[in-house]
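Number of protein chains: 2
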Amino acid sequence: MKKQLVEKITAMDEDFAQWYTDVVTKAELVDYSSVRGSMVIRPYGYAICENIKEALDGEIKRTGHENVYMPLLIPESLLQKEKDHIEGFAPEVAWVTHGGEEKLAERLCIRPTSEVLFAEHYKNIVHSYRDLPKLYNQWSNVVRWEKTTRPFLRTLEFLWQEGHTCHETAEDAHEETLRMLEVYADICERVLAIPVIKGRKTEKEKFAGADYTYTIESLMHDGKALQSATSHNLGTGFAKSFGIEFLDRQGTLQPVHQTSWGFTTRIIGAMIMVHGDDQGLVLPPAIAPVQVRIVPIAQHKEGVLDAAYDLKTLLQATTRVDIDASDKKPGWKFNETEMRGIPLRLEIGPKDIEQEKVVLVRRDTGEKVEVANGQIETEIARLLEEIQQGLYEKALAHRLSETRAVQSMEQFDEVLSAHGGFIEAMWCGKRECEDAIKEQTQATSRCIPFESQAVSKNCVCCGEPAHELVYWAKAY
Amino acid sequence: MKKQLVEKITAMDEDFAQWYTDVVTKAELVDYSSVRGSMVIRPYGYAICENIKEALDGEIKRTGHENVYMPLLIPESLLQKEKDHIEGFAPEVAWVTHGGEEKLAERLCIRPTSEVLFAEHYKNIVHSYRDLPKLYNQWSNVVRWEKTTRPFLRTLEFLWQEGHTCHETAEDAHEETLRMLEVYADICERVLAIPVIKGRKTEKEKFAGADYTYTIESLMHDGKALQSATSHNLGTGFAKSFGIEFLDRQGTLQPVHQTSWGFTTRIIGAMIMVHGDDQGLVLPPAIAPVQVRIVPIAQHKEGVLDAAYDLKTLLQATTRVDIDASDKKPGWKFNETEMRGIPLRLEIGPKDIEQEKVVLVRRDTGEKVEVANGQIETEIARLLEEIQQGLYEKALAHRLSETRAVQSMEQFDEVLSAHGGFIEAMWCGKRECEDAIKEQTQATSRCIPFESQAVSKNCVCCGEPAHELVYWAKAY
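One line per chain: the protein sequences are A and B, in this order. For the first sequence, full-length UniProt numbering assigns the number 1 to the initial residue and increments by one for each residue that follows. For the second sequence, full-length UniProt numbering assigns the number 1 to the initial residue and increments by one for each residue that follows.
Hints are supplied without guarantee of correctness; some may be wrong.
No copy labels: a pair is met if it fits in one copy or bridges any two.
Unchecked claim - For lysine-lysine, the following DSS-like pairs were computed, each having C-alpha atoms within a straight-line distance of at most 30 angstroms:
no. : residue 1 : residue 2
1   : Lys81     : Lys301
2   : Lys328    : Lys123
3   : Lys147    : Lys368
4   : Lys198    : Lys328
5   : Lys351    : Lys103
6   : Lys81     : Lys123
7   : Lys329    : Lys61
8   : Lys61     : Lys26
9   : Lys474    : Lys329
10  : Lys53     : Lys312
11  : Lys474    : Lys240
12  : Lys103    : Lys204
13  : Lys26     : Lys430
14  : Lys8      : Lys123
15  : Lys81     : Lys103
16  : Lys123    : Lys329
17  : Lys83     : Lys103
18  : Lys147    : Lys123
19  : Lys61     : Lys438
20  : Lys53     : Lys329
21  : Lys147    : Lys81
22  : Lys394    : Lys328
23  : Lys147    : Lys103
24  : Lys328    : Lys351
Just so you know, these hints were derived from the structure itself, not from any lab.
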């Protein structure tokens with residue numbers, strides 16, 4: 001009966017990709033538009049973006065960074081100044097060739113990232129060690145010309161923050177690269193309840209123009225990995241190409257040491273695929289636009305709506321709460337609350353009022369709790385915390401159970417096709433082996449984790465001695 | 001002596017345009033870049049943007065609107081769907097013709113505004129009167145291909161919010177148009193201390209595609225006007241072109257009634273030119289990134305820095321406060337505090353500590369006040385309020401004294417060339433007269449104010465009977 005009232009979504013096990021599309025559209029996170037590969041972020045989706053932004057922006061400022069804003073458009077000659085960078089990005093930028101009726105003398109690309117704009121500005125404003133460090137961040141949109149796109153996960157345009165910093169010493173830049181990776185990991189784990197593996201990208205997978213790239217990687221419900229954020233140590237490459245130099249404490253002219261790091265709306269795709277289920281979204285309370293939805297039962301009966309609105313007034317000082325007092329059936333309201341991933345549903349009807357209690361229903365476990373009137377606020381606070389923690393632990397247990405060590409390519413192939421998930425395997429460090437593994441299995445190197453134990457002594461591909469353990473996976 | 005320590009800025013009376021450029025660069029609001037007509041918004045400038053955004057976003061949400069995000073790029077065919085709209089915007093859009101290496105089948109423009117994207121989305125989601133109203137807002141960047149540009153005032157790319165709403169009735173749309181103009185006026189007057197004149201644009205000056213446009217107009221220090229925000233009633237024009245229809249309460253299919261309204265980073269240019277002086281910026285306390293700067297005097301003496309940092313700790317719970325404990329001379333610090341428009345400077349030295357007091361210096365009037373230790377917090381709160389109010393009153397007095405009624409074109413010419421400012425003059429409503437006035441005087445019609453008294457019975461231009469008073473001015 002209940003099921004008939006709501007539009008059905010595809011089951012995860014049946015077709016995960018279709019399940020994802022159903023969730024993002026039916027939970028009203030996004031709409032499609034006539035702009036290929038772009039999405040309309042609807043109010044519910046944007047409210048999630050805003051909550052994530054607020055949490056991350058707070059951490060970025062707490063760690064001493066200042067927000068700035070750089071131009072959207074980059075002249076072709078500026079983009080070309082750093083050789084590796086342009087090689088990496090040229091195939092995927094959008095080009096503006098006309099302004100109004102006039103053909104431009106030099107074409108401009110829409111920023112795919114803003115290293116070159118920051119580099120040009122830093123050259124203007126950094127002259128002495130007294131000007132360092134410069135710790136800047138920008139919240140903006142960027143465009144990358146992707147062939148196949150999916151809402152949040154891969155879109156022509158996406159929203160992100162990009163940090164860009166300049167430092168006096170290589171050590172300072174290294175510490176910054178690490179510091180911001182930790183900030184990202186903390187936001188993922190504490191706020192989004194997504195457990196991550198911290199590590200370093202291989203040379204092949206690092207950012208175009210960086211000395212090295214750190215990454216956090218997470219595992220989706222379907223066994224595929226998702227790069228959740230990256231932090232790059234740019235070394236002195238951009239500084240030398242752009243001439244960003246400063247007089248050091250000894251009076252010698254030196255190039256600055258730089259970092260950049262980014263976190264995107266992609267993470268919302270990750271959150272959906274880590275926590276969601278066949279009823280729809282499951283949102284961590286820390287970023288849920290609505291943490292508690294009140295559903296009045298038999299709301300036509302005297303006193304029910306009044307009691308429901310009184311509860312809303314009581315709760316809204318401490319909780320993001322709303323009420324569904326529409327004339328839809330309770331079953332429909334329950335389903336919609338589930339579809340939207342609202343952490344707690346609060347039911348209140350004539351019997352509850354008589355017995356001076358309410359019913360709380362958890363989105364994550366389905367568990368129902370009766371709570372006496374005096375206890376509602378404390379119980380909600382306790383449950384929201386328990387749900388937040390529970391989502392993290394469940395996701396962590398899933399990742400751990402879906403991480404498997406292998407010693408040979410046969411085993412690699414077998415385990416990956418049977419289960420997906422993360423494969424732990426040793427690697428000799430040679431590009432040929434990395435390429436061969438991708439060719440044979442479609443798995444890419446996700447990262448060389450900061451913490452690991454060797455699972456054998458030899459490269460899983462060539463058999464030569466190997467000291468580095470790599471996490472491999474098929475990935476979004 | 002004091003003046004020698006700081007880079008001189010051009011005096012306002014000497015060259016107002018150069019004064020403006022000096023202020024925006026020396027107060028470190030912006031930097032120029034190699035992207036023609038675009039600006040880098042530096043930390044101090046961006047912090048002002050953030051404070052304005054926070055105030056306005058709060059009002060937009062309080063009045064029931066939800067934030068969303070639409071794509072940056074608009075296919076040419078979509079932009080062309082509303083005839084008046086495309087005619088107005090075609091000459092000033094930037095065109096993307098290539099994505100990566102590939103030439104696009106249809107070119108895309110970078111949004112100059114997003115009416116057509118909202119229209120397309122509304123067509124998807126609005127079906128019944130139950131779906132109305134839709135009250136959406138977007139914070140974004142837009143691009144308009146301007147020939148001559150100046151930081152904040154006119155740039156190729158600018159940041160803004162654009163509201164887009166759909167309503168059941170013409171009356172609802174009319175009320176919304178007015179409501180948002182009032183929100184803008186309130187932000188300008190209460191938060192930015194900029195007095196505004198509310199009124200309606202003439203047909204010639206209205207938004208391309210609107211039934212009518214409301215505007216708020218303010219007067220700069222040099223006697224030129226600046227359009228500070230606009231709110232448009234779009235009527236059913238876009239709804240008919242895009243087929244945004246709903247079943248009304250009688251079961252009849254009707255086009256929705258729409259509005260749009262926008263507020264941009266331009267307002268920062270206005271704020272600079274309304275409050276600034278020959279020492280640099282003057283910021284209203286409500287949006288000043290730093291409201292109080294502590295400058296320790298003889299800071300090498302024992303106890304001074306400790307006392308200064310203790311004060312900072314005390315004040316930061318209620319005030320945006322910082323401290324300049326660098327080894328620069330106090331005179332340099334005073335000048336920099338003035339250049340950046342920080343509302344209050346707090347001086348503390350050995351003598352103050354001994355006498356259990358501090359010295360507060362107002363940026364707006366230069367007035368010095370000695371405040372006993374127990375009174376500092378209350379006195380700062382009181383002074384910040386007084387400064388906020390004082391800036392508004394001073395700007396209002398300036399506008400009133402620079403607004404003059406004229407009865408003939410001779411008088412119009414004479415008064416405008418002698419003083420600039422707002423000219424009040426009657427207008428018959430004919431486009432020919434509006435064009436002739438502009439041709440002869442370079443003044444444009446700023447608005448037909450909501451509140452006014454006739455200053456004569458005849459059109460200032462053709463002499464025919466006229467009932468509408470218009471504010472005219474040279475404008476930014």
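Against the structure, the hints come out as follows:
For the homomeric pair Lys81 and Lys301, neither the shortest alpha-carbon distance inside one copy (72 angstroms) nor that between copies (50 angstroms) is at most 30 angstroms. Within a single copy, Lys328 and Lys123 get their C-alpha atoms only as close as 61 angstroms, which misses the 30 angstroms cut-off; across copies the closest is 24 angstroms, which meets it. Taking the closest pair of Cα atoms, Lys147 and Lys368 never come within 30 angstroms of each other, the shortest separation being 46 angstroms inside a single copy and 64 angstroms across copies. Within a single copy, Lys198 and Lys328 get their C-alpha atoms no closer than 46 angstroms, and across copies no closer than 43 angstroms, so neither meets the 30 angstroms cut-off.
In the homo-oligomer, the alpha carbons of Lys351 and Lys103 never lie at most 30 angstroms apart, since the shortest distance is 73 angstroms inside one protomer and 67 angstroms across protomers. When the C-alpha separation of Lys81 and Lys123 is checked against a cutoff of 30 angstroms, the pair qualifies only within one copy, where the shortest distance is 13 angstroms, while the shortest distance between copies is 45 angstroms. In this assembly of identical chains, Lys329 and Lys61 lie within 30 angstroms of each other by CA distance solely across copies; the values are 29 angstroms between and 46 angstroms within a copy. Taking the closest pair of Cα atoms, Lys61 and Lys26 come within 30 angstroms of each other only across two copies (24 angstroms); inside a single copy the shortest separation is 35 angstroms, beyond that limit.
Taking the closest pair of Cα atoms, Lys474 and Lys329 never come within 30 angstroms of each other, the shortest separation being 43 angstroms inside a single copy and 60 angstroms across copies. Taking identical chains as interchangeable, the C-alpha atoms of Lys53 and Lys312 lie at most 30 angstroms apart whether they share a chain (26 angstroms) or sit on different chains (28 angstroms). For the identical chains of this complex, Lys474 and Lys240 are neighbours neither inside a copy (36 angstroms) nor across copies (48 angstroms), given an alpha-carbon limit of 30 angstroms. Only between protomers do Lys103 and Lys204 lie at most 30 angstroms apart by alpha-carbon distance; the minimum there is 29 angstroms, versus 38 angstroms within a single protomer.
Taking the closest pair of Cα atoms, Lys26 and Lys430 never come within 30 angstroms of each other, the shortest separation being 46 angstroms inside a single copy and 52 angstroms across copies. Taking identical chains as interchangeable, the C-alpha atoms of Lys8 and Lys123 lie at most 30 angstroms apart only when they sit on different chains, with a minimum of 23 angstroms there against 56 angstroms within one chain. For the identical chains of this complex, Lys81 and Lys103 are neighbours both inside a copy (23 angstroms) and across copies (24 angstroms), given an alpha-carbon limit of 30 angstroms. In the homo-oligomer, the alpha carbons of Lys123 and Lys329 lie at most 30 angstroms apart only across protomers (27 angstroms), although the nearest pairing inside one protomer, at 63 angstroms, exceeds that limit.
Taking the shortest alpha-carbon separations for Lys83 and Lys103, both the intra-copy value of 27 angstroms and the inter-copy value of 24 angstroms come in at or below 30 angstroms. In this homomeric assembly, Lys147 and Lys123 come within 30 angstroms of each other (Cα to Cα) only across copies, at 27 angstroms, whereas the closest approach inside a single copy is 35 angstroms. Taking the shortest alpha-carbon separations for Lys61 and Lys438, neither the intra-copy value of 39 angstroms nor the inter-copy value of 49 angstroms comes in at or below 30 angstroms. For the homomeric pair Lys53 and Lys329, neither the shortest alpha-carbon distance inside one copy (35 angstroms) nor that between copies (40 angstroms) is at most 30 angstroms.
For a Cα distance limit of 30 angstroms, the shortest separation of Lys147 from Lys81 qualifies both inside one copy, at 26 angstroms, and across copies, at 27 angstroms. Taking identical chains as interchangeable, the C-alpha atoms of Lys394 and Lys328 are never at most 30 angstroms apart, the minima being 33 angstroms within one chain and 56 angstroms between chains. For the homomeric pair Lys147 and Lys103, the shortest alpha-carbon distances inside one copy (27 angstroms) and between copies (14 angstroms) are both at most 30 angstroms. Taking CA atoms no more than 30 angstroms apart as the test, Lys328 paired with Lys351 passes inside one copy only; the shortest distance there is 20 angstroms, against 72 angstroms between copies.
The structure fails to meet hints 1, 3, 4, 5, 9, 11, 13, 19, 20, 22 from the earlier list, while all remaining hints are met.
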